[in-house]
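Chemist: Input sequences plus hints: build the corresponding full structure.
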Amino acid sequence: GILGGDALLPAPQSISILSTNMKHFLTWSPVIVQGATVRYSVEFQGEYEREYANGSWIPISECSLTTATICNLTEDISASVAYKLRVRAELGATRSQWGTTKGFFNRAMTSLTPPQLRAVADGHHLLVELADMGPSFQFRVLYWRKGQESRRYSRQGQECSPPAWHWDVPRVGGRAAHRAQAGCSECLLPAGSLRGFAALSFAG
Amino acid sequence: GACRVSMSMREIRAGFTAIKTNIQSRDPIRTLSILSHPHSLHKVKSSDRCCITYQLFTFYVDKVFKHCRTEDLFVNRKISSIANSFLSTRRKLGQCREHNNCVCGEESTEKFKQILANYEGLNVTSAAMKSLGELDILLDWMEKSR
Chain A
1 GILGGDALLP APQSISILST NMKHFLTWSP VIVQGATVRY SVEFQGEYER EYANGSWIPI
61 SECSLTTATI CNLTEDISAS VAYKLRVRAE LGATRSQWGT TKGFFNRAMT SLTPPQLRAV
121 ADGHHLLVEL ADMGPSFQFR VLYWRKGQES RRYSRQGQEC SPPAWHWDVP RVGGRAAHRA
181 QAGCSECLLP AGSLRGFAAL SFAG
Chain B
1 GACRVSMSMR EIRAGFTAIK TNIQSRDPIR TLSILSHPHS LHKVKSSDRC CITYQLFTFY
61 VDKVFKHCRT EDLFVNRKIS SIANSFLSTR RKLGQCREHN NCVCGEESTE KFKQILANYE
121 GLNVTSAAMK SLGELDILLD WMEKSR
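Chains as they are written, first to last, in my numbering: chain A, 1 to 204; chain B, 1 to 146.
Some hints here could point you the wrong way.
Derived EDC-like pairs (lysine to aspartate or glutamate); straight-line CA-CA distance at most 20 Å [unchecked claim]:
#1 B:Lys63 x A:Glu75
#2 B:Lys63 x A:Glu51
#3 B:Lys43 x B:Asp140
#4 B:Lys20 x A:Glu75
#5 A:Lys23 x A:Glu75
These aren't lab readings, by the way, just hints derived from the structure by calculation.
Modeler: See the structure below:
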């Protein structure tokens, strides 16, 4: 074959997990074999599999024999426990060793970006529109009169189900400014503070 | 005692709903229940809920999930998701149980013994599949008693 004799297929390298706003992806560097299309297969192992199921691994079918070098883990990393991931290269009948993530991944390690915020004046009220970030998220919106940041008002709510969330926020007289913060129940810092901060100055 | 523990009930419920029909189709014995025979979970006193919830989560983690491996990759992934969520939640329940000194009353101890007896009355794979197929009974009871 392309590889010739007993040549081994190298295991994928630079394996890492990118996790933002509770969306988790495994990425790795491509394995290059001249004139051939290398494919990859990904498996995951949760704490349950390590502790109670003899260290078994579970294949992710969407990332089995794929030519991509990225795999969406979000559906499978769905508990707040430590996970391990592994990927191997495949070329015909030849398979590489598994390349495994260093250390463990817990979804509480996800990084949060500021929520997308839009505010619209509606007579005496302001409609604050927050883009949906998924089922695990809660929001906190701070608003105050322009120039009077010390006197801030706050709103916090549970997850939002509609595509965008309309909050009817009473105007504070004159020009108003807003700031929104997103956090999710599974990724709160131990101190319970929320992370991810969006600032929007709105002269309405 | 009371135990307020954050758990991703929605994710567990979604994971179970995705495989419920498949799992229940593997349970030929429709006349028996593991969780509800002879009495429903709803009879458990509120003071005992924390303790029996912890016992039930331990039951599922220790005895049930490991015997539910199937030939279906999708089902296995969802079972893994539920099992890891149960493991994470049981850890929190355990901490709360120690902190609040949740003691199991006589009635709920008896209830849990009955559940184990129902389980051990079947061969392990049938018992595990039936218990997994009854997960919504547990989830409904937990949501009602919140």
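Chemist: Hints first: check each against the structure and report whether it holds.
Modeler: Each hint tested on the structure:
1. B:Lys63 x A:Glu75: Outside the cut-off at roughly 25 Å; violated.
2. B:Lys63 x A:Glu51: holds (13 Å)
3. B:Lys43 x B:Asp140: holds (13 Å)
4. B:Lys20 x A:Glu75: holds (17 Å)
5. A:Lys23 x A:Glu75: holds (9 Å)
Of the numbered hints listed earlier, the single one contradicted by the structure is hint 1.
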